[in-house]
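Respectively, the protein sequence lines represent chains W and S.
When you number the first sequence by the working numbering, it's gap-free, plus one each residue, and the end is 302.
When you number the second sequence by the working numbering, it's gap-free, plus one each residue, and the end is 1345.
Honestly, the hints are just simulated from the structure, not real lab data.
Built from N, CA and C at the ideal position, the CB exists for glycine as well.
Don't take each hint at face value.
Unchecked claim - So, partial list: chain W residues that the calculated Cβ filter (under 10 Å) puts toward chain S: (1) L45; (2) V122; (3) W125; (4) A163; (5) L164; (6) E206; (7) R269.
To be verified - Derived, one-sided and incomplete: chain S residues facing chain W with beta-carbon distance under 10 Å: (8) M887; (9) E950; (10) Y951; (11) M955; (12) V959; (13) L1052; (14) G1139; (15) G1145; (16) V1331.
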Amino acid sequence: MSALAVLAALLAGAYLVAVLEGWSATGRLRPAGPAVSAAALLGRESVVPRRPDRVLFEAAPLLLLVSAVLAAAVLPLSPRLVVADLATGALFVNAALAYVMVALLMAGWGPDAAYAMVAGWRFLGQLLGYSMPIVMAIAAIAMRAESLRNTEVVASQAALPNALYQPVGFAVFFLAAMCLAFLPPFDLPTAPGELAGGVEAEYAGARLAVMRLGRMVLVVALSAAVTVFYLGGWLGPALPPWAWSAIKTLAVAAAMLLAGRYVPRLREAQVLAWWWKLGIPLALLNIFWVGVVLLVAE
Amino acid sequence: MISGARQGSPAGLRRLFAAAMARDLRAFVVPGAEVARARGLDVEAAGLGMTGVPRHASVLLVVGELPAALRRAAAVVYAQMMRPRAVLAAGAGDLSPLPGADVSVGLSQEELEEGVARLRTAFARGAFAPGAAGFEPEMLRARTEYACPMHPEVVQDEPGACPKCGMELVSREAADGGSGPHHGGDHGGANGDHGHGGHGHGGMGFMSMVEMTKDLPRSSDGLPMEWVEAPFGPLFPGLPGGLFLKLTLDGDTVAEASPSACGWASPGPLTGPADALAERLAGIDPLSPASYRVLALRAVEDAAGAGADERTARARAGALERERAASHLGWLSGFAYLIGHRWLARRAAELQLAVLRAEPAGMPGLRAAARSLARRIERTPLLARRLEGIGALPGGTGASGPVARAAGVRTDARCGEGAYRALGFEPVVREGGDALARLRVRLAEIEESLGLAAAAGSLDIPAPRTATGASGAGAATVETPRGTATLRVALSDGEVVSAELEGPSARHLALVGRVAEQRELADALVGVASLDLSPWETAR
Chain W
5 MSALAVLAAL
15 LAGAYLVAVL
25 EGWSATGRLR
35 PAGPAVSAAA
45 LLGRESVVPR
55 RPDRVLFEAA
65 PLLLLVSAVL
75 AAAVLPLSPR
85 LVVADLATGA
95 LFVNAALAYV
105 MVALLMAGWG
115 PDAAYAMVAG
125 WRFLGQLLGY
135 SMPIVMAIAA
145 IAMRAESLRN
155 TEVVASQAAL
165 PNALYQPVGF
175 AVFFLAAMCL
185 AFLPPFDLPT
195 APGELAGGVE
205 AEYAGARLAV
215 MRLGRMVLVV
225 ALSAAVTVFY
235 LGGWLGPALP
245 PWAWSAIKTL
255 AVAAAMLLAG
265 RYVPRLREAQ
275 VLAWWWKLGI
285 PLALLNIFWV
295 GVVLLVAE
Chain S
806 MISGARQGSP
816 AGLRRLFAAA
826 MARDLRAFVV
836 PGAEVARARG
846 LDVEAAGLGM
856 TGVPRHASVL
866 LVVGELPAAL
876 RRAAAVVYAQ
886 MMRPRAVLAA
896 GAGDLSPLPG
906 ADVSVGLSQE
916 ELEEGVARLR
926 TAFARGAFAP
936 GAAGFEPEML
946 RARTEYACPM
956 HPEVVQDEPG
966 ACPKCGMELV
976 SREAADGGSG
986 PHHGGDHGGA
996 NGDHGHGGHG
1006 HGGMGFMSMV
1016 EMTKDLPRSS
1026 DGLPMEWVEA
1036 PFGPLFPGLP
1046 GGLFLKLTLD
1056 GDTVAEASPS
1066 ACGWASPGPL
1076 TGPADALAER
1086 LAGIDPLSPA
1096 SYRVLALRAV
1106 EDAAGAGADE
1116 RTARARAGAL
1126 ERERAASHLG
1136 WLSGFAYLIG
1146 HRWLARRAAE
1156 LQLAVLRAEP
1166 AGMPGLRAAA
1176 RSLARRIERT
1186 PLLARRLEGI
1196 GALPGGTGAS
1206 GPVARAAGVR
1216 TDARCGEGAY
1226 RALGFEPVVR
1236 EGGDALARLR
1246 VRLAEIEESL
1256 GLAAAAGSLD
1266 IPAPRTATGA
1276 SGAGAATVET
1286 PRGTATLRVA
1296 LSDGEVVSAE
1306 LEGPSARHLA
1316 LVGRVAEQRE
1326 LADALVGVAS
1336 LDLSPWETAR
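Next comes chain W alone, as it looks inside the complex:
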């Protein structure tokens, strides 16, 4: 039952995020936009490029969707509303999202086209840059909660949300999440002006619809992860727990989508340099900081 409820919430969230994304891309708010676009995509042809690696090409959109759904499955909307409250939940989020890189690499290699291939490799090149900070930030979260179980991570923030307890980790995780969801200004693998769609360029029709849905679910899952890890999840006064989760998740998603509208896309070399020279050291510093605070507090 709760699995169905979470899935419905995930779809609703993906829809709202798609509306927001449409707004951030075109400047117009069209509440029915994603539904119309989805129906239009489903009615269109979806051909396979001339010499594809068929398995990779077909599997990539599905893998993107599945990895995002899996990550969302361990994130609690309320103390009861969680598909699987794993003892290793926080780490599982990271493990599931590792396949986003695989999916994009497959989508880049599969169609045998130059733009897509460059785009896929670009994303692989950034892998360590953003995934190391994500794991390190999660490590600091687990240190405070003394558990990797996501419901306990939320409960540990009853006094003070992690966004205030470890602001450096919050900033690092937020930006790394944007990078993982290849949202602007980190949209190097899709880069409309540079690579004419990049990894998405060869997908059309129903396959493109699945890919877009996967991307939206991914944004929702990452926003929910930020909510659970840093914003105290369902905790909040007056409203029911699930409502707090929903509000916080959508607010995080909106912030992620809006940030990219007013800045140019980053250069590949800059992204790498900043993650390696600044992001990873800051993530380590955050672990050290949380350790010191925990020792002093005890």
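Assemble chain S onto chain W, guided by the hints.
Positioned in the frame of chain W, the structure of chain S alone reads:
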């Protein structure tokens, strides 16, 4: 029914899909969004979404007449679009080898909007049809050739045995993907042949890295890599339509860049009645028609020995400056799209359309808007870091216009003109010579040009008939938005017998290699785009 209908009977769920498609039309603009804007069309306001990916587009919007090379490239894009698809022609003439336009309209915003409405009806009714036919232009048909596995030089069109070793020849798809010279028509999706040399390394048994890489080209860092040749253009969304870059990619570094332009291929008839030369010359470059109109008028006047009076010269300066402001804003919008700054792309496009439609009285208001836009751009985080040091060119490279002025060069054809002196013109000069300096020069020039256009008081281009029965030779120079253009004409009894045009983009095209090579792909594209090339004026 639309010409690119998808096969199937229009019933049940398909009717719902068709209705959704009619509401969600996405256009791939040919030759490019910049041409649509320069002609005063606001495609998005007309209700069409815009995309730079052929596979995501349902409408091919053709704006203005196209040279043959671009029509062929457009046909390749159309072949890559998914059905249901349709062609919407705005002021376009001959479209072959594209199929005929489903809806044809003129070049005005109202007509475009009406055309989109008609297209919506056509999609809702005829997106699906039982007897839908395919579209495969001649140049996309695959050609099979036969090669010897041992002797790569042995390739023939017929099956048979190798004359050197007697082995049976193996069939494969020809590398050019088809017959005929298709000028880089392989935009985006169809570039299947440029991939990674086929998948898998079957039959190699033991994969020795030394064996595999010994014949590969060496990168500048010494690593052997498989180089990929990728076409960017002539209909690439981040570059001006008609500009074609063949980039040899070494990983994501550009190893070699060879540019060419798909403007009007044949030197069209610039000869003919001298009084009509302005009209003809204005037609060659949709991005700066006023500049070429003024250039022709001045050259003919010079040849006929007639000079323009002060009022005429002033009005022409006003028209030129308005065009400069609009052209720079158009460049800014395209550039912002390339670097992924979506807000800026929209805002610059809005301002460009406003400048194109404005009367002299509206200029001060637009100038204030341009100033606040420039301030906002200066404050944009990450932008300076994105552009600094990209596409750097020192002065004295033969460049002119904003490219030269961004490198500290003060040459400007306007400096010597009386009308400009009277308006108090001073050239905008910046140091640095990189993409950032070019952006800054253009931002300052937008503001300055709007001020000059307001001061000129008139934006019309008076065209007195001066050449009737005149003979002689003459030349004129105009500072177009992209640099200095020169036209030499010879008249005989009121007819142009020879005309020689030298535009700035031909010189700038030669700088593409210096700007792009040994750069990361995105930086190379930013460098090329910062030159603001017009492929239209270079072919003559």
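We went through each hint and held it up to the structure:
A distance limit of 10 Å between C-beta atoms decides the matter here; for L45(W) the minimum to chain S is near 8 Å, and the interface restraint holds. At about 5 Å, the closest approach between the beta carbon of V122(W) and any beta carbon in chain S falls short of 10 Å, and the interface hint on this residue holds. Contact between W125(W) and chain S, as hinted, is supported at the beta carbon level, the nearest pair being about 7 Å apart and thus within 10 Å. The interface hint given for A163(W) is broken, as the beta carbon of that residue sits about 34 Å from the closest beta carbon of chain S, more than 10 Å.
The closest approach between the C-beta of L164(W) and any C-beta of chain S is roughly 30 Å, which is over the 10 Å cut-off, so the hint fails. The beta carbon of E206(W) comes within 6 Å of a beta carbon in chain S, closer than 10 Å, and the hint placing it at the interface holds. About 3 Å separates the beta-carbon of R269(W) from the nearest beta-carbon of chain S, less than 10 Å, and the hint is met. Taken as an interface hint, M887(S) checks out: its beta carbon lies about 4 Å from the nearest beta carbon of chain W, inside 10 Å.
For E950(S), the interface hint is violated, the least distance from its beta-carbon to any beta-carbon of chain W being 16 Å, above 10 Å. A cut of 10 Å between beta carbons decides the hint on Y951(S): the least distance to chain W is about 18 Å, and the hint is violated. Restraint check, M955(S) versus chain W: the minimum CB separation of about 23 Å is more than 10 Å; hint violated. Proximity of V959(S) to chain W is violated relative to the hint, the smallest CB-CB distance being about 23 Å (cut-off 10 Å).
The closest approach between the C-beta of L1052(S) and any C-beta of chain W is roughly 9 Å, which is under the 10 Å cut-off, so the hint is satisfied. Here the hint on G1139(S) is kept, as its CB sits about 8 Å from the closest CB of chain W, short of 10 Å. Look at G1145(S): its Cβ gets to within about 3 Å of chain W, closer than 10 Å, so that hint holds up. A least Cβ separation of about 9 Å between V1331(S) and chain W falls short of the 10 Å threshold, and the interface hint therefore holds.
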